[in-house]
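Q: As given, the protein sequences belong to chains A and B, one line each in that order. To get my numbering, take the position in the first sequence, counting from 1, and add 11. Position 18, counted from 1, in the second sequence is what my numbering calls 4; the numbers after and before it change by one each time, with no gaps.
Derived from the structure by calculation, the hints contain no laboratory data. Here the structure is a predicted model, which means the values were calculated and not measured. Backbone N, C-alpha and C fix where the C-beta goes; we use that ideal spot for every residue, glycine too. One thing to keep in mind: the hints can contain errors.
Over the 12 Å line for every Cβ pair with chain A, so calculated as not near, a few chain B residues [said to hold, decoys possible]:
| no. | residue |
| --- | --- |
| 1 | Leu(-9) |
| 2 | Lys7 |
| 3 | Leu10 |
| 4 | Arg19 |
| 5 | Ile33 |
| 6 | Val39 |
| 7 | Arg55 |
| 8 | Leu69 |
| 9 | Glu95 |
| 10 | Leu128 |
Have a look at the derived ranges for each label pair, beta carbon to beta carbon [unchecked claim]:
| no. | chain 1 | residue 1 | chain 2 | residue 2 | range |
| --- | --- | --- | --- | --- | --- |
| 11 | B | Tyr8 | A | Arg95 | 27 to 35 Å |
| 12 | A | Val103 | B | Pro(-10) | 27 to 35 Å |
| 13 | B | Leu4 | A | Val82 | 15 to 23 Å |
So you can see what is in the structure, the chains are spelled out below.
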Amino acid sequence: MLLHYVTGLGIVIAGGVHLFTVFLTGPYLQNLAFSGGAYSVISVYRNIILAATLEVLLLFVDYHALNGIRVILIEFHQGEAWERGVSWILIVAGILLLIYGTRTILIANALA
Amino acid sequence: MTEPLISEFKKAFRGWFLPFKYNLERWAYALQRLSGIVVTGYFLAHIVETGNVVGGLSVWSVPSTDMARDIWTATFHFLDNPLFDTGLVVIGFMLAYHTINGIRLTLAEFGFLEGKASRPDFPYKAKSLSKPEQAIFWLSILFAVATAVYAINVFFGV
Chain A
12 MLLHYVTGLG IVIAGGVHLF TVFLTGPYLQ NLAFSGGAYS VISVYRNIIL
62 AATLEVLLLF VDYHALNGIR VILIEFHQGE AWERGVSWIL IVAGILLLIY
112 GTRTILIANA LA
Chain B
-13 MTEPLISEFK KAFRGWFLPF KYNLERWAYA LQRLSGIVVT GYFLAHIVET
37 GNVVGGLSVW SVPSTDMARD IWTATFHFLD NPLFDTGLVV IGFMLAYHTI
87 NGIRLTLAEF GFLEGKASRP DFPYKAKSLS KPEQAIFWLS ILFAVATAVY
137 AINVFFGV
């Protein structure tokens, strides 16, 4: 539960940076173009600090969201099999999302 | 289990999201949960969407920049329509509410802003929602509405 609060605060900071770079640094459509602006998609991934912030944000949101779902589901029903099944499925989903998102960040960072 | 899963689920659903006859704090928590679930759904879709920046699910080594550019531009054009923009306005509302109310919940968890416990007298209002906490709750509603208005301005130019 403590990690839930800690990741929540982390999301406020990292998410704030992410939303700032997308919405508050220029025309929103320019920032979502592949390239061409200071904060367009590839420019953000190539910047090592912004890319690291995105990775941290991915990790924190991944944990916060899936643990939240786990809290709700286990509050619904308690039992050995149910708790183990819920936790296992959510942990696997969390790891898959983390792998896929990290892949995106690493490859985009390396794009010419 | 002492009762079938479906009726247990129906009771749980009503308890989670339709807490009639409970106080404001309970409704705030219900909206916190609902917004959390909605935003989790957006998180899943967003990871898949941004995966298309490098070319999609099949790309696991550095691809050609032109292929990535084409796939991402196609994805963005697919998503750049009023339906998904409306969805983003809703997500903005939910996320903003969840954030500020979450800050209120974190403060309450660690004991800040709570008043002193006292004997419950008529009209038996719950003392867990103190005046500063009520202020933060209404601030979260305000922030959520402001975010939605800003998002409508960004996406629809209104």
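Q: Flag every earlier hint the structure violates by its number, smallest first.
A: 1, 4, 5, 6, 7 and 9
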